[in-house]
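S.K.: Chain by chain, the residues run as shown.
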Amino acid sequence: MCVIPVDSFPDESLPEPFAAWFAARGWSVRPHQSTLLQKARLNRSALLIAPTGAGKTLAGFLPSLVDLAGGRRRHAGVHTLYVSPLKALAVDIARNLEVPVAEMGLAVRIETRTGDTPASRRQRQRRDPPDILLTTPEQVALLIASADAPHLFGAVKRIIIDEAHALAPIKRGDLLALGLERLKRIAPGVTLTGLSATVRDPDDLARWLGGATTPADCVIADRKSAAAPDIRILETDERLPWAGHTARHAMDAIYRTLKRSKLSLIFVNTRMQAEFVFQLLWAINDDNLRIALHHGSLDVGQRRRVEAAMAAGSLDAVVCTSTLDLGIDWGDVDLVIHVGAPKGASRLLQRIGRSNHRLDEPSRALLVPANRFEVLECRAAIDAANAGAQDAEVIRAGGLDVLAQHVLGMAVAAPFDADALYAEVTCAAPYATLARGDFDAIVDYVATGGYALKSYERFARIRRTKDALWRVSNPAIAQGYRMNVGTIVEEPMLKVRLGRARSTGLGPTGPISRGGRVLGEVEEYFVEQLTYGDTFVFAGEVLRFEAIVENEAVVSRASASDPKVPSYMGGKFPLSTHLAERVRAMLADRTAWSGLPEQVAAWLALQADASLLPARADMLVETFPRGARHYLVAYPFEGRLAHQTLGMLLTRRLERARLKPLGFVASDYAIAVWGAEDMSRAAWREPAFIGDLFSQDMLGDDLEEWLAESSLMKRTFRKAAVIAGMIERRHPGMEKKTRQVSMSSDLIYDVLRRHQPDHILLKAARADAATGLLDLARLAQMLSRIRGRIIHKPLDRVSPLAVPVMLEIGREAVYGEAADALLEEAADDLVAEAMGHDFGRAGHRD
Amino acid sequence: MISAAQATGTETMPVAITIGGERFFADVTGALWHPGHQALLVADLHLEKGSSYARSGQLVPPFDTIATLSRLAAAATRWRARSIFVLGDAFHDAFAEERIADEAVAAIDALAAGRRLVWIKGNHDPAPPEQVPGDRADEVRLGDLVLRHEPRKALEGAEIAGHLHPVARVATRAQVVRRRCFVHDERRLLLPAFGAYAGGISVRLPVIAELFSMPSVHVLGERRVLSIARDRIV
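Taken in sequence, the protein lines are chains A and B.
Taking my numbering, I'd label the letters of the first sequence as residues 775 to 1620.
Taking my numbering, I'd label the letters of the second sequence as residues 612 to 845.
Since the hints were made in silico from the structure, they are not lab data.
Because the structure is a prediction, the values reported are computed rather than measured.
Don't be surprised by glycine CBs; every beta carbon is placed ideally from N, CA and C.
It cannot be assumed that every hint is accurate.
As the list claims (entries may be wrong) - Far from chain A, by Cβ distances over 12 angstroms, these chain B residues were calculated:
(1) Ala-618
(2) Gln-669
(3) Thr-676
(4) Ala-721
(5) Pro-739
(6) Leu-753
(7) Glu-767
(8) Glu-833
(9) Asp-842
Unchecked claim - Going by beta-carbon spacing under 7 angstroms, a handful of chain B positions derived as facing chain A:
(10) Met-624
(11) Gly-647
(12) Gln-649
(13) Val-716
(14) Ala-717
(15) Val-845
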């Protein structure tokens, strides 16, 4: 462990004019600020872990300002590079930094460089660099991919990475880590400073920052003076819902809490929930509180206005999603409300940490469970937060698609030697275990696509020269690279437009009148699954889907107040493993129930009577009949994503066992599968049935077959293909694309799977699937964990514990059958009609 | 001659379609078989589409040409076709001939061996490369039926055309499934795009919908062609 207690260092005294400036403000130097000064003096890289409001930013910049106080010659190159994940943050910090510089009369030039910086200023920055440059990871990638990178950065002394905890675990962090290794070679004397919120494993983050074998020193700011957070679950006499995520029952209570606070943030898990909650609060906003909305589908200008209003203190509450997590100063937020469970202890702690800058008063948080299961999750989150326990970070290696982008960038910068570049990239922690074979495959991919069919030699993007260096083939390749830098891949979006349908021969949606206005944009994959008449919530209204016409989704206003398509359309974060373990433990331990609301404790007691509550390490599977169907409900507690994948695979296995599954639904806690055949009887006849159903071999052929057509897998592949540059986002001289002319990544995926299944990009996409939308790694762990520990309880009716997930049916049902089987069934209808009877109509979309 | 059931390898009767008085069978690959003339009809191969992207630095997998030609050869073998008609957009662009691999040209030579191979070319189509065998034509008459690339808005008689890459979005019990399809009424039929990289557009869009009155739709399943009721197409 690399933790150095801050008070064991002597006070690093501040030179003038800094000491005077601190004194004039009535500040004394904090221990961690002092420590960072010392680290800088010793030329050691450091990772500072401190809560907001602890002078973190100043701690990061003091060493640079001290260095630069004596003045510096012009055209010397950048002295300090500051990188933040957000443009707005970089701009904000630059503005704040001007204050001490101006007040102390220092001759320091500070500039920002983001996607918004005008081209003329960007050009001038290359010729005449500022002393301190504040920028984003994407700009860093662009700047190092150029021949004048040594001129710009050869004299860099310090690199500051802000919000390092947010960057390191994701692909953006992979790309930045590679960029930092390059910068270390361009400027060998450089030291790195990371600024981070509290994390469970500071060592991992220190390695990401400093290098695989050269981790930074961890500096953990003293938290003893900070009061423990005050986190409660909303108490309510209202009946707790069994299922659902809107927490409608709690709106009045939430509103009353808003009135008592200065500025509250109301976090929800999905954009649609944000819209709902926003509407519900305004419907009861008798006191005219200033309540705003902030989420990813709103346009950037609107989000900035909300953020500015927050900072200016002109709002009372903001309903928001995780898009507000990384951001500028939250101003005077004094209450954080979570509608629905926070999904992870770390997320909760980080949000609490961002609110309330007065360290002497406790930060306040209120958890509002939307249903009974969420009460357990909220309780677990509070216990974890009070214990200071954090979620484990999901371990992933650096993306191969990101590496491909970086390799091309390095060729754009200057011809490279493969051995030297391999040695360089493996110094970055995410790529420390990169096999040489994979590296070579990536170089081969960058050059000619990495195909067994050697058809693209003449189109090579990079070529080996006489001196065995890899060189970019022509300037167009470099231009294409620069236009497509970055790891953020947007989902293709469709505009949503009001209109009305008219009938033609092919059904109700022939030529469409599209006179209405555009309401906003929604993801294409969402619309693709809608059929005529489906209703959904968008932009605060309930709309009916009519058709897709010329790349727009045409909708009409629906009179229904309850949309058919559920509001909970894919929240970003599943329940964390850590919280899941706590919830399982809570269920198994009766003595822990006293801390729960009466309604919930009673519910669990009923479950113990009617069925059973599994031991902590076991998994309960219940089977029971209901109506004309038979149900199998399992409680793995592995989060919605892993359960979704599990459901897909289980339904296929049940199909093979001729048990006629019809559908399944998955929540963060449980999965319910239903079918036409009695599963209790199947288990009775064959004792190994349930165990076999959940056997690890489902990750073999069943998984492969499903991946071939899984839309989630195709979306995952598409992102990897874009990041790796197989498909460009933007293209020099790109004409307006029509749907016919553009190349679908789904077609590429199909062809690649069939003809070269071991292609390096498929490998990259599979790695993403392990921790992303498909959560394969988590599913694999779960199957291993429950082997031999499945408790099967056949029942003659639904159990109390199953009610929540059963209620999701009809709201959120998903079906696992192969698309072809579904088509065959649909085709049968026509045959039946023609033959004059009604077979095959097994519940049209129940 | 081979029976339709034998050629499609299924026990159920394959989908039969009558246009302009001529009888055809729909093949699961997206080809159309005319038993009378022992002719196989395909459209929109878009050969060398993959390599056209490679030209601009997007190195998409180059397997599309060979994959498409293999699928065509397999269908031609299965039906024991005497003629093959390619209804336009066979090659993705005018420079395909510079990029096409020798193996692909050899595959086309094999297709043409012992058969009549006809490239039907629409107004805006690139012409097939010089080195490729087969007849070139703007249109072909099959009795009262005309085979052409682009469908005519004002149709006289009957036609089979390609160009529009029809796709049906089928509302199944569970979800909307998207598949390439044949769409036709008594006078006009549109072939699905045959090429591995050819995308598609929904038959509900006006550009296709307005060509038909009360059309029938047959989608390409994994194992066979499936006829779908109109109200299932969304």
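S.K.: Compare the structure with each hint and give your call.
M.R.: Tested hints:
1. Ala-618: 20 angstroms, holds
2. Gln-669: For B/Gln-669, whose nearest Cβ neighbour in chain A is about 5 angstroms away, the distance does not exceed 12 angstroms, so it is violated.
3. Thr-676: 9 angstroms, violated
4. Ala-721: 18 angstroms, holds
5. Pro-739: It holds; B/Pro-739 is separated from chain A by about 19 angstroms at its closest Cβ, greater than 12 angstroms.
6. Leu-753: 26 angstroms, holds
7. Glu-767: 20 angstroms, holds
8. Glu-833: B/Glu-833 is in fact no farther than 12 angstroms from some Cβ atom of chain A, at 4 angstroms.
9. Asp-842: Contrary to the label, B/Asp-842 does not stay out of reach of chain A, its closest Cβ about 6 angstroms off (not over 12 angstroms).
10. Met-624: It is violated, given that the least Cβ distance between B/Met-624 and chain A is near 11 angstroms, above 7 angstroms.
11. Gly-647: At 26 angstroms from the nearest chain A Cβ, B/Gly-647 fails the 7 angstroms test, so the hint is violated.
12. Gln-649: Violated: closest Cβ of chain A sits about 28 angstroms from B/Gln-649, beyond 7 angstroms.
13. Val-716: Because about 13 angstroms separates B/Val-716 from the closest Cβ in chain A, which is outside the 7 angstroms limit, the hint is violated.
14. Ala-717: 14 angstroms, violated
15. Val-845: This interface hint holds because 4 angstroms falls under the 7 angstroms limit.
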